[in-house]
Amino acid sequence: MTYHPKSDFMRVMIERGFLADCTDYQSLDEALVEGVVPAYIGFDATAKSLHVGSLIQIMMLRWLQKTGHQPITLMGGGTTKVGDPSFRADERPLLTPEAIDANIDGIKQVFAKYLDYGDETNRSSSSEAVGQNNKALMLNNAEWLDGLNYLDFLRDIGRHFSVNRMLSFESVKSRLDREQSLSFLEFNYMILQAYDFLELNRRYGCLLQMGGSDQWGNIVNGIDLTRRVLDHEIYGLTSPLLTTSDGKKMGKSQNGAVWLNGDMCAPYEFWQFWRNTTDADVGRFLKLYTELPIEECERLAALEGSEVNDAKIVLANEVTTLCHGAEAAAAAEATAREVFEKGGVGDDLPTLELTADEIGDGISIVQLIVRSGLAKSGKEAKRLIAENGAKMDDAPLSEAGLVLDAAALSTPIKLSAGKKRHALVKLA
RNA sequence: GGGGAGUUGGCAGAGCGGUCAAAUGCGGUGGACUGUAAAUCCACUGGGGCAACCCACCUAGGUUCGAAUCCUAGACUCCCCA
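Quick note: the first sequence, position 386, residue 822 per my numbering, numbers continuous.
Since the hints were made in silico from the structure, they are not lab data.
Treat the numbers as computed from the prediction; the structure is a model and nothing was measured.
A virtual CB, placed ideally from N, CA and C, is assigned to each residue, including glycine.
There's no promise every hint is true.
Stated by the list, open to error - In silico DSSO-like pairs for lysine-lysine, Cα to Cα no more than 30 Å straight-line:
| id | residue 1 | residue 2 |
| --- | --- | --- |
| 1 | Lys571 | Lys442 |
| 2 | Lys855 | Lys827 |
| 3 | Lys812 | Lys850 |
| 4 | Lys609 | Lys571 |
| 5 | Lys544 | Lys517 |
What the hints assert, rightly or not - Label-pair ranges, simulated between beta-carbon atoms:
| id | residue 1 | residue 2 | range |
| --- | --- | --- | --- |
| 6 | Lys812 | Asn745 | 35 to 45 Å |
| 7 | Ala548 | Lys856 | 45 to 55 Å |
| 8 | Asp830 | Asp715 | 19 to 29 Å |
| 9 | Arg638 | Lys856 | 45 to 55 Å |
| 10 | Asn585 | Asn745 | 53 to 63 Å |
| 11 | Leu590 | Lys812 | 43 to 53 Å |
| 12 | Leu603 | Ile730 | 22 to 32 Å |
| 13 | Arg773 | Ala738 | 18 to 28 Å |
Produce the entire structure from the sequences given, and follow the hints as far as they go.
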């Protein structure tokens, strides 16, 4: 990167590794110097929570606000009804409108922790707020997509799109090359997303759309459309698509996706995810996911040998603090130290509470392992036991048929799967 | 509208009447080595059940002593022609 930005925002993006590509570095940079730039990122409501894969976008919005600009979080209430086909091998199952609304409610919760939306009264404010402050805006594209009239839309918007060009986008090419079907419904997604950008520019003066590099095509479409319809020049900026250094997709743990909502991924598990970062990723992640000064990130990343573990603890603490608060981070760290350094138990371990009713005459150890989340199925639990990977209070379980009664559970027991995954079981 | 090909475990992809829960690769889990790292090596890896055992190769029927494999109908996908 030879470009030297004048704006704080661009400087941070470049320094910290957020920048994959930008449609026009210089003009965007100048706009950022001149005044408050409203910028948006869209989030589709395909699940009740976002996961760490979206954290990089959230951090971009946070930096945007920190450097004096206005973040707009756009919920895809309308677009989720269509489903983004970009770089996907198959069609997503269609979600019901109710499910989408419920997902949006879940997703919204997390943003309040990262962005300042101002007072309730300001939150839904319209154009009035724009340019006057940099309070974040929470919007939903269902607002303008739900009521669209098909023919009007085709005539006003559709005429600006060339199917030839749409087919040439990398995001759908692989799908077509693999001879997988791409429904007309999905094919329209990029038009709707482009229209979002147009509407956000028209209504809120939004100048910039950000997103992962998989969104490049969709973003560029919005820029082109806005130029044609409104003759406004607006910008796009993408972040690299993150994989860990060992080539895996960002954000998976043994229990699946690492969610940002606390009720779907406990702070302790969240903390563990970061604590287990691969050595090679520590520096990169510190810059992207924490707000520690660059020099500090680099110092920590340079630690040698087992000392990088200290850097990983800092990383876990910082990221967990942003997402769940300082208290939760401290509790997670305390539990981790207790469990891993002393081989004991900690309050923050995933805990399964059973009522006397549930136990009845006794409950099998296999069931306990499954219900505490250490195995996905009974078969898996039994396999674990057979391979000596399952432990109860640190003693290997040898008997898969073991049944525990209420008396055996009168004091909490610790179940372990391997060396790293632990859970507590106790009476409610 | 007509013709052809296909649908197999988390994914990719073999199998084409019994020895098939089903090759192989990826992914995942456990173990060894370590630093709660990476790389490497070893093992395991469809589901339910404490177990006996049961369910399972798109769906529903059928033929067979016996079907993922054959037949019929249906659903979905891809290709070619109009």
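Item to check | Index of numbered hints that the structure contradicts, given in increasing order | outcome: 4, 6, 7, 12
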